[in-house]
Amino acid sequence: MAESYLIENGLVVDPSQNIDRVMRVLIHDGVVAALDPTDGFLPPDCIRIDARDCVVAPGLVDLGAELGEPGYEEDEEILSGAMAALAGGFTSIACSAYTDPPIDTAAAVEFVRQKAAKADKCRVHVIGCVSKGREGNELSEIGSLVEAGAVALSDAPRPLSNTALLRRALEYCLMFDKPIIDHPEVRSLTRGGVMHEGMTQLKLALAPIPAEAEDLATSRDLRMLETTGGKLHLSCISTEGSVELVRRNKARGVQVSVGIRVANLCMNDEKLLSFDSNLKVNPPLRSQEHIDNCLEAVDDGTIDVISAGHQPRSMEKKMQELDAAPFGATSLDTALSQLINDLILPGKLSWSRAIECMSTNPAKVLGLNAGSLAVGRPADLVLIDPKQQWTVSLGELHSRSQNTPLLGQPLTGRTRQVWVGGKLKYGGQ
Amino acid sequence: MSDSTEELLQLAEKWNHPHLLDLESLSAEDITVLLDTAETIIKATSGPESDRKLSLLRGKTIANLFFENSTRTKNSFSLAAKRMGADTIEFSSSGSSVAKGETFIDTAKTIEAMGIDGVVTRHSTPGTSHLLAQHLDCSVLNAGDGPHEHPTQGLLDILTIRQQRGSIDGLTVALVGDIAHSRTARSNIWGLKKLGAHVIVCGPATLVSKKWEQLGVEVSYSLDEILPKCDVLNLLRIQFERQATRPFPSVREYALLYAMNAERMKRSKEDILIMAPGPINRGVEITPEVADGPHSVILQQVSNGVAIRMAALWLLLNRSQTAQS
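For the protein sequence lines, the chains are E and Z, in the order given. So the first sequence is numbered by our numbering: it starts at 1 and just counts up by one. So the second sequence is numbered by our numbering: it starts at 1 and just counts up by one.
Some hints could be false.
[To be verified] A few chain E positions that, by computed beta-carbon distances, are all more than 10 angstroms from chain Z: (1) Q114; (2) G133; (3) V146; (4) T163; (5) K203; (6) R247; (7) F275; (8) A324; (9) K387; (10) G395; (11) T412.
[Unchecked claim] Quick partial rundown of chain Z residues pointing at chain E, CB under 8 angstroms, derived from the structure: (12) T103; (13) K109; (14) H123; (15) G146; (16) V251.
Calculated directly from the structure, the hints in this document are not laboratory data. Ideal Cβ positions, reconstructed from N, Cα and C, are used throughout, including at glycine.
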């Protein structure tokens, strides 16, 4: 018989219903059975969870986590990645097509789905490649990928550099109502680049990644979307220029959704003064001016989604000179905590906006039945203790890789418990 | 104990850094200690009676880890170590060590495990010496990390100016050429500014941008404009190897705009100092009659290089000696 839980005394934050107050949530039969039920309504064997001083929210949804399998098992496996996701408060993640071989066939989609089912942690959805081999030349068999269960199409972290292909993909996807996810970047301007072009970069003399490389690609993507219609999500914008372009285009009615990574909201380029290769991420950590603009854009709704940007890389790959070290940081474990610690607790971001950007909106982008605690919806919930203090250390991370710039850093705020489909998947009772 | 040894020990007392990675993080006092140490070493080793060797670092072993081609700097460091009485081991790898399946950090750790007191390192990527300093227990001395910094080059340039002029304070020093890709420029800027100089960076707009003004330097695209007010010109080599797209149309045009030649010498201050970190491209940034002329201190820079490196090794390794005892 399915377990029932009554989560009480917690601050329920559910932007999908404009809820932001202390109330009771009843989980029964795998779904949200009732909000603020009377005692007479409770099942007799209902387990009571005291959520005093905690936040109860729909489980977080991530739009593109690299899970390593197949091909990069030294970085991550679906099991370890899904475990890291749970620990970070995510109940649904979309697995990036950055695998070897890439996820460009129905069989590859099926492989990930089976592995995820076997892992039995959070829900794992699959992103298929836009192009065959993720090479950016010919369309992959998008129809077959969607048939097999792909929820979106993307070549990320590789940008869709070929504009003709982008156009074809947007047009072709009109038949399937699935979003194309692009990482906006003009590669000819960023080749060899290590960090954001600016004063810190000028001092350190590391190869530059100019903000314009993102602005130009964002501009092109938006223009193309306006022509074709369809669904386009820009996975990770990070510049003042991109924000302005998106804001203007949304005002004109262009139906685009855009995301930003937690790292690009919480850390600026001056961090690179330590030369820590774990800070080598793409989009690069920008200057504070860009960050302030992006924060404003999260606040005013220009930016829809905040994502973890999970890119695990094994120690041996990262323990290299900055030129040679690959981009990426492992972040499913820490994204929510970093956001709470750096933005929510200092009052720069509200809980409801944070949950909207990390749960409600990403679920909408992928068309998932998630991101809401409305009665009858799947009971995917996260219980967050905003006061819990912890220190990011190797033993605390569930990801197979430890490439995080946060190692050794104390954070306040952490996932306490996670339910997926009404089952308690993380944290004891 | 000789007077100079006594003096060197006193100078070492004033030094408290385990590594020499850049000039940006040093204070004016730190830089002065390094310059004074080099002067003391020069005095002690250059008299007609004196031995060129000091032997103060006898028993110490220094590894030269060069992951980028170098002849001049590497020889200068080797000689400096030998003149201080230390043993050296040489490691060169022009390609990436990763190609052999080993990270450069592992390479360095392997060599450190042989019983090394100090590592002198050069690499094409900025920050590599900082990374080594984080991973190794011994002292690390940066002999050039890509276009980022080359602290001993900055120091030897500054020492040369100080020998000629007595002080740096109030001088106008122009760095001319490929500023963007120059570690020498960055180290010179930090060092010179801390000691009170007015620094001008001058070169084609593709190799120096107005952004550099935020470092507290003057930016100029015209050598002819700044020439009359310069006390020192440091002519940087064009780093052809560091550039993806060519930053100027031709060498001929570069020379036309920026080469220091006899005609430009006439329009300079009478006591102008001409410097070049080398290797020099004769006919590009400097013509032979200027390079070999009376205002040129290029060879003095080279000999000062050995003294500065002896000084740096002394301050770093003497320190570790006292720390251990």
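Evaluated hints:
1. Q114: Holds: least Cβ distance 34 angstroms, greater than 10 angstroms.
2. G133: For G133 of chain E, whose nearest Cβ neighbour in chain Z is about 25 angstroms away, the distance exceeds 10 angstroms, so it holds.
3. V146: holds (40 angstroms)
4. T163: holds (23 angstroms)
5. K203: violated (7 angstroms)
6. R247: Non-interface label on R247 of chain E holds, nearest chain Z Cβ at 27 angstroms vs cutoff 10 angstroms.
7. F275: violated (3 angstroms)
8. A324: violated (6 angstroms)
9. K387: holds (33 angstroms)
10. G395: Holds: least Cβ distance 21 angstroms, greater than 10 angstroms.
11. T412: holds (27 angstroms)
12. T103: holds (5 angstroms)
13. K109: violated (11 angstroms)
14. H123: H123 of chain Z check passes; min Cβ-Cβ to chain E is 6 angstroms, inside 8 angstroms.
15. G146: holds (6 angstroms)
16. V251: violated (24 angstroms)
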